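Participant: Working from the sequences, and respecting the hints, build out all of it.
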Amino acid sequence: MKVSVDEAKCCGAGQCVLLAPEVFDQREDDGIVVLLDETPAEHLHDVVREAASVCPAAAIELSENA
Amino acid sequence: MSQGEQVLSYPIPSRTALEPPEEWAQLRQQCPVARVSLPSGDEATLITRYADVKQVLSDPRFTRALNADDAARISTNESGGVFNSEMATVLPQSGEGHQLWRRMISKWFTAKRMMALRPRIEAMADQLIDEMVRKGHPADLKASLGFPLPVWVICDMLGVPEADRDRFSHWSDALLNLTRFSQAEVDAAQAEFARYMAGHIAAKRAEPGDDLLSVLITDTDAAGAHMPDAGLVATGQGLLMAGHETTANMIGKMVAMLLADRGRWEQLLANPALVRTAVEEALRLDANPGFGMPRYITEEVEVAGTVLPRGTTVVCSMASANRDETVFDHAEDMDLGRSPNPHLAFGAGAHSCLGQALARTELQVVLEVLLRRLPTLELAVPADELRRVEGLVVGGLREVPVRW
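So the sequences go chain by chain: A and B. Quick note on this note's numbering: the first sequence kicks off at 1 and runs consecutively. Quick note on this note's numbering: the second sequence kicks off at 1 and runs consecutively.
Each hint should be verified, as a subset may be incorrect.
[Stated by the list, open to error] Chain A side only, calculated, beta carbon under 8 Å to chain B, not exhaustive:
hint	residue
1	Glu7
2	Cys11
3	Gly12
4	Glu28
5	Val34
6	Val54
7	Pro56
[Stated by the list, open to error] Here are the simulated DSS-like pairs of lysine-lysine, each with C-alpha atoms no more than 30 Å apart in a straight line:
hint	chain 1	residue 1	chain 2	residue 2
8	A	Lys2	B	Lys135
9	A	Lys9	B	Lys135
10	A	Lys2	B	Lys107
11	A	Lys9	B	Lys107
Think of the hints as simulated: they come from the structure by calculation, not from any bench. Predicted model, so just to flag it, every value in this text is computed and none were measured. No residue lacks a Cβ here, since even glycine has one placed at the ideal position from N, Cα and C.
Facilitator: Here you go:
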């Protein structure tokens, strides 16, 4: 799985960080998403999919066959 | 909607407090873009399907300029209540200005900050439950816990002293009214709030603390983008109004939903790890979230195959969208472990709720503390005797009577 994030779309809701703090963080000064791990380990795939699906700004893209 | 058919009155009343009106499902299936008449008498267009609500909320052509001359007025009050308040004109509503303001505020609501706030919120919840238990049951969980907790949290963030928390509760209540308070009462609350905040802001300018307003003052000054008092008052008012009544009511509704079928409460007692997904499911199934989200278009836009002319006011029913059977399996069922749960309770897109991490944290903490402190909690009245509050933009229950 390969993860990418779109900072311009991000609205700083923080859902991804609450769900998968191993993979996502937020910048201290404006709450915008920071991708910590663009190829997360397999045991995190479910929770990363959940983060992508609930992101209110649709700012998380996944490519599953990478 | 075919000609001659009656225009629906909106909001659509519901027979019981926790259940949605039957019309929602019919609208989703038969009339996803419906003409409705608002409390003011003006007409608007109601959107009820998940995909359409998400599209409208994410599309910047659907603006928040509800003060436009031909925009539908929401309420009978001249000012139109919260959606036409000064807040909506002082703060940048779109584009780069909005994004800059939002990002300056957002840093107060990051997931990490909310995690750090948890112990404080937990201590507040414990303190409020101590007091509720001391007074004995039956108790009104809304008045004892749901209502005070979020205003304590917001006052803390704004650097407002404990002694002023009750006045803040009242202002928050009055400023969000649709029909419950008279225009004179709303105006008086607005004036008192503005006067209080002017003094509070002057004090923070003179002697900045570590609260949100102080940092906003210091940061904008440092960036060479001095924030005028009106913008700071509007920020404070916005956070209070957005962060108090909504969460206060949601605490009451969440607990009522979980106790209405006590098997749910027992499921949580047996497996407290379900708290996170249970909170999301309560948010999704909230049948009484209030008005919904109004938008206004200055150009023609198509939604669900219907062309909406420029000048249309659109109302999004996120609560109906959250019960859309094409998105959620067994949409009417409360599934405490539902995952993923991409509900729209906090909106979507660039204007989705700024404080959603805070709201989630407060709801999770309240539920954890209640399960720990009052495992025998139950409703003190049958669920169908619960009554909704009237006349607020934010929906809720009048009381949540409980015993333990």
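Participant: The structure should be examined with respect to each hint, and the outcome stated for every one.
Facilitator: Hint by hint, here is what the structure shows:
The criterion of a C-beta within 8 Å of any C-beta in chain B is not met by Glu7 of chain A, whose closest approach is roughly 11 Å, and the hint is violated. For Cys11 of chain A, the shortest C-beta to C-beta distance to chain B is roughly 5 Å, which falls under 8 Å, so the interface hint holds. For Gly12 of chain A, the interface hint holds, the least distance from its beta-carbon to any beta-carbon of chain B being 4 Å, beneath 8 Å. Taken as an interface hint, Glu28 of chain A checks out: its beta carbon lies about 7 Å from the nearest beta carbon of chain B, inside 8 Å.
About 10 Å separates the beta-carbon of Val34 of chain A from the nearest beta-carbon of chain B, more than 8 Å, and the hint is not met. Because the beta carbon of Val54 of chain A sits about 5 Å from the nearest beta carbon in chain B, less than 8 Å, this interface hint is met. Hint on Pro56 of chain A holds. Least Cβ distance to chain B is approximately 4 Å, under the 8 Å limit. Among the hinted pairs, Lys2 of chain A with Lys135 of chain B is inconsistent with the structure: their alpha-carbon atoms are about 55 Å apart, more than 30 Å.
Distance check on the hinted pair: Lys9 of chain A and Lys135 of chain B sit about 49 Å apart at the alpha-carbon level, beyond 30 Å; violated. About 27 Å separates the Cα atoms of Lys2 of chain A and Lys107 of chain B, which keeps this hinted pair within 30 Å; it holds. With a C-alpha separation of about 16 Å, the suggested pairing of Lys9 of chain A with Lys107 of chain B holds against the 30 Å cut-off.
Violated hints, in rising order: 1, 5, 8 and 9; the structure is consistent with all others.
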